[in-house]
Amino acid sequence: MGQGGGLLQENILGFGRLLRRSGLSVDTSRIALATQAAGLVGLSHRQDFKDALEAVLVSREQDRQLYSDCFELYFRTPEFAGRLKAAMPPPAAGQSVPPPMRRSSPPAMVQPPTPGVSLKTFSKIAAAMGWGSGERLRQADFSSLQNWELRQVERMARQIPMTVPQMPSRRTRGGGRSGRLDWRRCLREANRSDGEWIRLFYRRRRSKPLPLLLLVDVSGSMERYARVLLTFLHKATDKVPRQIYCFGSHLSDLNEAFAQSDTDEMLRQANQLIKDYAGGTRMAKSIASLRDEHRARLVGGRTLVLLVSDGLDMGYAEPIAKELDWLVRHSRRLIWLNPLLRYEHYEPLSTGGQLLSEKAHAALPIHNLLHLENLAKGLEEALQAGR
Amino acid sequence: MVLNSAEAVLDGLAAVGYQADRRLATATFLALSLQRPLLLEGEPGVGKTELAKALSKLLGRPLIRLQCYDGLELRDALYEWNHAAQLLHMRAAQDRATVEQIEREVYQERFLIRRPLLQALEAPLPGAILLIDEVDRADEPFEAFLLEYLGEYQVTIPELGCQTAKAPPVTILTTNRTRDLHDAVKRRCLYHWLDFPERERELAILRAALPHAAEALTEQVARFVGRLRSEPFSQVLSRKPGVAESLEWAKALVAMDAVNIDPELVTATAGVLFKHREDMAAIEPLLGKLLLPEAA
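One line per chain: the protein sequences are A and B, in this order.
My numbering applies: residue 1 is where the first sequence begins, and numbers increase by one.
My numbering applies: residue 1 is where the second sequence begins, and numbers increase by one.
Please keep in mind that the hints were generated in silico from the structure rather than gathered at the bench.
All values reported here derive from a predicted model rather than from experimental measurement.
If a hint is listed, it holds; no wrong ones were tucked in.
These stretches of chain A come out as covered by chain B in the derived footprint (C-beta under 8 Å, 3 or more residues):
(1) 32 to 39
(2) 50 to 59
Computed cross-link-like contacts, EDC-like style, restricted to lysine to aspartate or glutamate with a CA-CA straight-line distance of at most 16 Å:
(3) B/Lys186 - B/Glu140
(4) B/Lys186 - A/Asp27
(5) B/Lys186 - A/Glu61
(6) A/Lys208 - A/Asp238
(7) A/Lys235 - A/Glu265
(8) B/Lys289 - B/Glu264
(9) A/Lys359 - A/Glu318
(10) A/Lys50 - B/Asp21
(11) B/Lys275 - B/Glu43
No residue lacks a Cβ here, since even glycine has one placed at the ideal position from N, Cα and C.
With the rest of the complex left out, here is chain B:
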């Protein structure tokens, strides 16, 4: 598939069910054309991870995902030797082979456990989509390694030599902004801040995901969630509901055959929309205002 403009990317993503805005399509197009990693920053639930999945579908390339966490080490991210298998092999071969032979055999590719970053390098042409999720949760040594990795797309395994990517992967990094990334990493990437969608786009997302839902219901959902994210309601919430939450809520309402959203329904399904008990309690008195019909 040839994506030679932002327009093409926008339409392509819509075709696989991801409603992007033009700005995101431009950033994605540039990331693909300039072969630079794309750093997506935004609140949880705005669709950062979904973009990688959608791109993978669109380009027909495998998605390789690395979920970062505090304490992530290279052996979990890059590669690890299968020590158990190596030991077994050594035990089995100790009678029939010399020490030098065993040592050579122990470090063969079949004993190498490839983790996501190495998998991305070894993916066959045309390459893979590498998603490095929540990179802000990893620590600084990992960031330093990532900087090197993203610059060269090659790693050196001491026992096996230098592994270079056959085709550089399309890399997408996501961060929830729990901490600031190092400037050097940001300079390596193109940057995009993903905001919550506006009403029309949210409606489009809901319609695309739930084509059989009633129009009136999806409009009410979009309106309600849009209001929740705006002032003054957002001030009482510890976390604004994301696109994922609004989708789940819409699905729940459809499953309950709801036609009209009223306070009882919201309270009954609050667990889908809000992830904190305090938020549920804080929103209850404001439900009347939130459910007001649109002013003519």
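Bound conformation, chain A alone:
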């Protein structure tokens, strides 16, 4: 086969590695077998070549679509294959592990995606290639993104840290220059100087994060935001005591799902638990069931309540006002995270929106990644400001 054979092998190797990065389990022996198969079938018919590789590299029906999309992307778009090779150089002679993938800038053919390739595959490949990361996505409103970009944003949201506001706790720790004396340490140090107290040591109060209560609206109007917010909150509030519920037409307890360490697993469980995704909103009813069933989880008056909603509630003002009053009474602060603040001159017009802007201690925007990054700062400021 000579030169041509070497090129074919290289291409199939590159394709196999793309499949592997996209989630198919393809090992070296399969790639070798695929090269043999390609040699037997020949390259004259494209479909035969595709079918031959599929028979070797795919072993489940559910992977067939992914394989087909990757094939179209790899073999139909020469620039893609070229960029892939540049980004994923094969290991040099003597090196057993391939060098890490170089991040490439998004190529021109990214928008719109290649026809015939499913969005799910495209976003997987885009993530593997490192496209779409950057300033533009950080500042783009979630509702303005294409589906595959939204997936990218979800991935980036997982990495945003958030320091939850702290409050002084009753426990103390060593340190400080005034206040309570640290008797033990004073005596210990005095021992060194024959019982003379040369220097005084103090204790100061520890801080601990405020317990969080997260209420996320998963109704139809919040569809794009809810998923990204859940992903963000899962990782960002990992280390603090938190309770998470989502509501639409009724309340769903997501605490078990959030106990999972893997975010994809959490989303999968959440999807199963939330029966009223993209339905209507009944905020009053949901808060009422929170009060009836989960009241014990609100920790006195220390809880910081983050209510993620656009306020487009379908219900009467009175019950909503009553429930919100109760919530405000039993929490330290009620912070309204509102995606509609993306509109510059936003004025709440709906019943829910008006009541929330009246009763909540602060309203913060969360419609892009930049605002999520600044959320911690916003929460601190809200806490400092009295009411």
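Here the structure of chain A is known, so what remains is to put chain B in place on it, guided by the hints.
Chain B only, in chain A's frame:
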């Protein structure tokens, strides 16, 4: 017969009455050339078992079939000693032979009952077609054994020694996807998902099986069954009718001298097409839509 391309396999299969699509022909060609087992997955009734039969006819090799089921053991799949015959022999020989002699004679090949997997190994050149049907119904220990078997095509019978295949059989495994097979088994095989045929291929299958049936009738049958398998009708069915069912139905209609398919005829022959009473009941109100002529 020399099959040196997917095209040749396609034509060969058509010649013995099996209408395959090009993708299946490619997979089969590769399985034959690379000498790897072929794993066929698909809904019941799409023609997985038929492919093995057709290959056997095409290549002129015997078909050895192993039907898997839950609880299948090696003694049913590989070999078993004919204990009854051994006991009789021991009884008969106890006066004329010594104990050592009897023990030696008891484990002779004539007392060995060969089951399909061993038969496949011992088939004379050029080898056999081994069909392991519904391998998903067997359990995991059997899968583990199969992995070893498919890798080496040799087994060790403790009393007789190592039996290696004279010619490795062409192995076809079929599964209805009731459970996922172990990755190791799948890696050993080439994989092919067999889908329901599209209209043209179904027509070709019907014409090949029923050459004397009226063209109009076979077209109606293909259209009706094709619609049944598509949305929204497939949602009311617990099981989509396969190629086997559509063939049987066409034969039934030909036997009844039918010319045009109407709701009464469908109801009368529903037992052929549907295997569940609920499906028959669910389809009845939709018969009008299903039997609409093709839009011009």
